[in-house]
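*Asks:* These are the residues of each chain, in order.
2 protein chains.
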Amino acid sequence: MATSIAELIADRMDAMPTGEKRAAQTLIANYPLIGLKTVADFSHQAGVSSPTILRFVARLGFHNYAEFQSALQDELAAQLQSPLTRTAQTPPSRGRTAQTVDATLENIHGTFQHVSDRQIRDIVTLLSNRRCGIHLVGGRFTDPIARYMAAHLTIIRPNVSHLTGQESNWRDRLIDMGKRDVLVIFDIRRYQDSLLHFAELAAKRGIHIVLVTDQWLSPIARFSRHVIAGRTAVPSAWDSSAALFVIAEILIGELTRALETESQGRIREMEALRGG
Amino acid sequence: MATSIAELIADRMDAMPTGEKRAAQTLIANYPLIGLKTVADFSHQAGVSSPTILRFVARLGFHNYAEFQSALQDELAAQLQSPLTRTAQTPPSRGRTAQTVDATLENIHGTFQHVSDRQIRDIVTLLSNRRCGIHLVGGRFTDPIARYMAAHLTIIRPNVSHLTGQESNWRDRLIDMGKRDVLVIFDIRRYQDSLLHFAELAAKRGIHIVLVTDQWLSPIARFSRHVIAGRTAVPSAWDSSAALFVIAEILIGELTRALETESQGRIREMEALRGG
DNA sequence: CCTTTTTCGTAACGTATGATACGTTTTTTA
DNA sequence: TAAAAAACGTATCATACGTTACGAAAAAGG
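As given, the protein sequences belong to chains A and B, one line each in that order. Note that full-length UniProt numbering has the first sequence beginning at 1, numbered continuously upward. Note that full-length UniProt numbering has the second sequence beginning at 1, numbered continuously upward.
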């Protein structure tokens with residue numbers, strides 16, 4: 001049983017006629033990108049005609065060229081998502097735990113490969129205005145992350161609130177939010193309608209929305225000024241929110257640094273109150 | 001000077017109109033494969049129209065869609081040809097963000113190098129007895145993780161409670177806990193006295209304690225039946241709880257698998273209630 | 001060496017794709 | 001608030017693409 005298309009080709013290459021063998025060789029040589037181009041490109045590169053390419057693809061078991069390309073893309077997507085495990089692949093009998101941990105590490109790594117420093121900086125700038133209020137909210141499983149972030153932000157700056165309790169209460173809080181306020185939302189599949197409605201209402205009031213979501217992008221992205229997408233796929237019944245959690249920690253850390261001088265006094269004052 | 005298309009997008013994202021920004025976000029979130037598919041696929045995934053995608057591509061400086069795809073393919077080809085250099089990418093002048101992310105990855109990796117499968121299995125066995133109640137609690141910053149775990153456990157089994165609110169309330173709940181109950185505590189520096197006292201009281205009542213803490217071990221370890229220590233050091237003003245978060249996710253995942261057959265019916269029943 | 005079978009390319013076809021013009025809606029500016 | 005500008009989507013078009021039929025060429029078998 002061949003797991004990848006490359007292996008599949010290696011298996012059947014011997015049984016192929018001359019022209020298709022040329023196609024197979026050029027595909028292996030330029031794997032897999034040449035297979036993602038057009039049939040004409042592929043055939044030209046291989047020095048054969050277009051129908052030969054199609055016959056080659058059909059011989060591999062695909063019903064048409066599009067199906068063949070989809071398979072290549074899926075394979076490529078899997079590769080791109082896990083560049084680390086590929087090198088350290090096949091200590092075969094790893095436990096489920098180790099596998100899930102690896103997947104989580106990949107998710108975090110992959111997430112931040114597509115998050116630019118600039119994006120972080122912009123969001124931090126937005127959150128560092130102590131005049132404007134910051135409101136945090138999340139979905140069924142992500143609300144604890146909002147809470148975690150709120151717990152930290154409360155310490156380094158004023159005007160931070162975590163929207164808790166019944167969803168109807170959120171709307172009541174809208175009355176206190178102005179155009180200069182920022183709403184930080186955590187939302188992953190399966191996206192909750194209540195959050196979407198709330199975000200829509202907030203957006204209509206001109207409130208800036210910072211959305212932390214998964215790679216499929218919550219519909220709230222439509223109303224958001226800033227969107228950060230984290231990867232969530234792990235071999236488990238649940239999606240992993242670890243990447244979102246790290247995003248929150250990064251934002252916390254950077255914001256703390258940005259407000260360093262101002263927040264020092266605030267922290268000291270707090271500790272005094274706590275100690276007394 | 002932007003070297004990659006991803007950077008190019010990050011640079012110009014701010015100056016883009018709403019629809020094109022959505023296109024940019026979905027491309028970054030599914031980078032780069034969505035850009036290699038057809039305009040129709042891309043536009044559908046982004047929730048905008050085809051012309052918006054083409055305008056987006058044009059704004060990036062490409063004369064047509066094919067040119068844009070070629071650029072993506074070239075970039076991808078370079079990546080695939082040197083899989084090793086990719087890890088060592090973004091070489092000397094890494095941002096603080098990247099450094100903190102790396103430290104977090106190290107923490108998680110290191111944490112699970114010292115956590116045995118056996119340990120996980122034992123804890124899962126302890127938590128899988130549906131007769132016994134599970135109570136979760138955490139400290140000032142770790143309580144959201146307890147909450148996160150509780151949100152999941154509530155779905156897959158009965159008798160799960162998150163100890164919320166004032167610390168004095170926790171003690172009142174002790175009266176309902178029996179010898180067969182399990183108390184899951186998250187606690188990192190600076191360890192809170194209130195948590196310690198509560199754990200001591202619980203231990204005296206014969207309640208099993210599962211402690212998730214940092215590598216310096218909370219004093220609660222003294223009363224705990226199981227202790228898992230996660231690494232927390234990052235170059236930031238705060239400690240990172242990401243490793244603890246992953247521990248929670250691992251426990252959730254394994255417990256879900258352990259209770260798979262029993263919890264299936266429960267989940268279905270829940271969705272029915274939710275839908276009705 | 002001739003016949004049969006397989007393989008391959010030319011050419012033509014229909015569809016799906018990228019591109020564009022235009023009207024509507026939204027946002028910005030006065 | 002009204003006018004101007006920008007942005008967006010619908011509908012349409014031209015073409016490039018994948019696909020197929022058919023005949024020529026090559027290979028295999030007798």
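FYI, nobody ran anything at the bench for these hints, they're computed from the structure. One or more of the hints may lead you astray.
A pair counts as met if it fits within one copy or between any two copies, since identical chains are not told apart.
Unchecked claim - Straight-line distance between alpha carbons at most 27 Å, and here's what the computed DSSO-like set of lysine-lysine pairs gives:
1) 204 to 37
2) 179 to 37
3) 179 to 204
4) 204 to 21
5) 179 to 21
*Asks:* Broken hints, numbered, in rising order?
*Replies:* 1, 2
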